[in-house]
Amino acid sequence: MNLTSAEFIITVIVLAVLYYIVPKKAQWPLLLVGSLGFYYVAGRSYKELIAHPSCPPQMIYILVTFVTAFICAYVMGRIDGKAKEYLAANKGTISKEEKKAFKAKAKSRKWAVLLIGLIIALGLLCVTKYTNFVIANINSFLKEGSRIKPLNIIVPAAISYYTFQTCSYVIDVYRGKTEPQKNPFKLLLFVTFFPLLVQGPICRYDDLAPTLFGGHKLEECNISQGLTRIIWGFFKKMVVANRLAPVVIALAADTNSYRGTFVFILMLFYAFDLYCDFTGGIDITIGIARVFGINVAENFNLPYFSKNIKEYWNHWHITMGTWFTDYIFYPVSVCGPMLKLSKWSREHLGQKVGKRVTVYLSSLLVWFTTGLWHGAAWNFIVWGLMNYVVIMISQELEPLYAKFHSKVKIKNTIGYGIFEIVRTILLMSMIRMFDVYRNVPLTFKMVGTMFTKVNLRIFTDGSLLNIGLTKPDYIVLLASFAIILTVSIIKARKGYVFKKETFAVRHFLLAVLLIAIVVFGAYGVGYDSTQFIYNQF
Amino acid sequence: MKRKIIASVLISAFLIAGLWFAQRLLMPKYQGQIVEGAMIEEYYDETTDHDVIFIGDCEVYENFSTMKLWEEYGITSYIRGSSQQLVWQSYYLLEETLKYEKPKVVVFNVLSLKYDKPQKEAYNRMTLDGMKWSMSKYNDIKASMTEEENMLDYMFPILRYHSRWSELEKADFEHFFEKDKVTHNGYYMRVDIRPQGEFPEPMPLDDYSFGDNAMKYLDMMTKLCKDNGIELVLIKAPTEYPYWYEQWDEQMVDYADRNGLRYINMIPLQDEIGLDMSVDTYDAGLHLNLTGAEKLSTWFGKYLVDNFGLEDHRNDPKYTKVYDDKLDFYYKMIEEQKDQLEE
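In the order they appear, the protein sequences are chains A and B.
For the first sequence, our numbering begins at 3 and goes up steadily by one.
For the second sequence, our numbering begins at 7 and goes up steadily by one.
No wet-lab data here; the hints were simulated from the structure.
There could be a bad hint or two in this list.
Partial list, derived from the structure: chain A residues whose beta carbon lies under 7 Å from chain B [unchecked claim]:
1) 4
2) 8
3) 11
4) 352
5) 356
6) 470
7) 476
8) 510
9) 515
10) 520
11) 526
12) 527
Computed footprint of chain A on chain B, listed as stretches where at least three residues anywhere in the stretch have a Cβ under 8 Å from a Cβ of chain A [as the list claims (entries may be wrong)]:
13) 23-31
14) 226-240
Have a look at the derived ranges for each label pair, beta carbon to beta carbon [unchecked claim]:
15) A:16 <-> B:331: 33 to 41 Å
16) B:214 <-> A:447: 56 to 64 Å
17) A:465 <-> B:148: 39 to 47 Å
18) A:467 <-> B:12: 42 to 50 Å
All residues carry an ideal CB built from backbone N, CA and C; glycine is no exception.
Generate coordinates for the entire structure from the input sequences, incorporating the hints supplied.
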């Protein structure tokens, strides 16, 4: 089931109506039932459901992840509770050292529990998502006949999202940041909350819990804001992303015909396609949650207005970025071996180089796992590493930039600002070509042709009308681009789009947008590219 | 709050009106080269009832001239047919028709029994879009949908036709409110001639039995007619292609016998009817042209009068005014088509 399918829309409407009919206490259980139902049918056709009504394997994976998280958090909570009780009962009788030793013992027990929990949850993710990738790589070294047979495993829907979300909860409980949830059903709702199971965002328990479990009365602002986000998301997804997706696939598939300047066109199309697909999907997710009175973390903040890659990554897929920072970068940076390495490198390589070693290594790990998280393939890993390389190089070049700007006073001009934005977009789009071609050598080769086989004639000889887009399609895309850009500029300047407009103007514009989606959307018979790109992760 | 409620109502009305307008504009009008999609809805403009209802595919709506039946015998008739109309579509169209009137005779062309499953979305649309909403239409859609179709697209056709915004023609605006009539009580007229040629040899089939689904709907049709005291006549139109296998014919003879129905295979009766397929067809023998349809109607009208004692309504003022206008339109179209041919 995808976010723009009729079945999904109808399910959400029915659920929302019931949500506000039932007593407030029954709202979160209703969401739980709806979420489990959604996950049960997700990705399965009606015929499949009828033929195989039993619990699908993907349901078992999510339940195992939940049970693991619940038990681990519960046990860690018990350890904490008992430790507090013991320390309170023996407040005056034990020494400082004994107290410290007792706390360390409790922490190490919690660490063991956490480790078991993470091994199970991440183990499921790794086994289902990466086993065949590992086998394929091993097989590339083996002779035919001695090769290992790939496992017949289907990657469970949304496993990357719910695993990360669950891990963050367990780690936060371990760190004492989050109180363990005593009600297993509430935790199950946190793990399975249906809008998040399509393509995130990866929410933290403490952020989501207050509105997820609390009762909500029907409020005009929630419905209105929710619908605004949903319709805006639909516009981006159905009018732009669905229209561009088949063209992107066609251009990427025929590498003999579409080289040189076509690759540049493909790069721009994919940048626009991915932006509208991913941000559109997140808008729909956040909007749906808002309709239910639930606040979901923002995942984007005008990423294409970023002036450098680092800033871009602070504004794109924010919840994933902060997850890697909080749960990989920082723990790795301050772990024992890394501190030892830091000390050693400062002593042997000097302060300047030494202080960079741990940051570089931790960042390398973060970008390697970020790439791997996106997919079990080398193109994703290289994509992650390319981001790493570009970020590190620009960080190293910062003093040079500063020197340049101290001599040439253009930094605060509009022209230079636009240059920085365009540079960042082009750089990010170029790195993203690993995602487009899904083959590392081919990506290098095709991106190379962008510079070696320039053919500007394709802009005038009608070639661009033979790639699956008609003149009216281009008009729709340009108009959509203008609308999205205008809305983004308003948001960047004011911080909001609609806030001060009157109720009537806002909803009139939404009605116009809705009609535009219905008429100009790329959907229905003949369109099959309606699935979200980030749904695969 | 009051202002918000008023604004909500007005914006909702604007939204509904906007979507309605867009849907109306974007739905195909079938007023140009392809008119078959406009046939089904013309029935609802009828002001008088009919003694005979024909149901079926192109072998009825192109082969029987309802105006000839009126002119020669005073028989009031209507053809509820459309392109590749499948047997369940014929059943539900008949079921719907019986909500409006009770004919004395229903004539069903059996060629569509060869299809046991839904076929093509384009044909489904031409049959189903024109039907008024009722349980018959709902069930008809359910029975007709191919795997790629869904009910929502039928309930809100804009979801299916939205992409036509880039193909809109003058006719879409001209016929926004009203369409021109394209048939004569369901009869689709063609005056041009293209003599019958050689047909390909019939392919042997693995199984000549009609499918269970198709036969189920024929049974339902038989029961529907019996329950309503209507004579059901099964026919196979006189055109020879698509091929009508002997084995199929035998099954029909057997079915008619078992159910006490009349079945007429008109293919061997071409000479008796007076058909000359070198001049009576407009598409090399697949369908009859005007002269062919008139000859067939003259022959079949006599059969209807002889066997069912249908009343001659030519002196009944309830019908004469209506049919005078219909005949004017009929002859006007004949002249127009002939003029076009001469051009």
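Here is how each hint holds up against the structure:
1. 4: violated, 14 Å
2. 8: Hint holds; residue 8 (chain A) Cβ to chain B Cβ min 5 Å, cut 7 Å.
3. 11: Violated, about 10 Å.
4. 352: Where the cut-off is 7 Å and the nearest Cβ of chain B is about 65 Å from residue 352 (chain A), the hint is violated.
5. 356: violated, 62 Å
6. 470: Constraint on residue 470 (chain A) not satisfied, violated at 13 Å.
7. 476: Nearest chain B Cβ about 11 Å off; hint violated.
8. 510: OK, holds: residue 510 (chain A) within 7 Å of chain B, min 6 Å.
9. 515: Hint on residue 515 (chain A): violated, closest Cβ of chain B at ~10 Å, above 7 Å.
10. 520: holds, 6 Å
11. 526: holds, 6 Å
12. 527: Interface hint status for residue 527 (chain A): holds (6 Å vs cutoff 7 Å).
13. 23-31: Contact hint for the segment 23-31 of chain B vs chain A: holds, 3 residues under 8 Å.
14. 226-240: As far as the segment 226-240 of chain B goes, the hint is violated, because 0 residues have Cβ atoms under 8 Å from chain A.
15. A:16 <-> B:331: 33 to 41 Å: violated, 51 Å
16. B:214 <-> A:447: 56 to 64 Å: Since residue 214 (chain B) and residue 447 (chain A) have Cβ atoms about 58 Å apart, the given range 56 to 64 Å holds.
17. A:465 <-> B:148: 39 to 47 Å: holds, 45 Å
18. A:467 <-> B:12: 42 to 50 Å: holds, 47 Å
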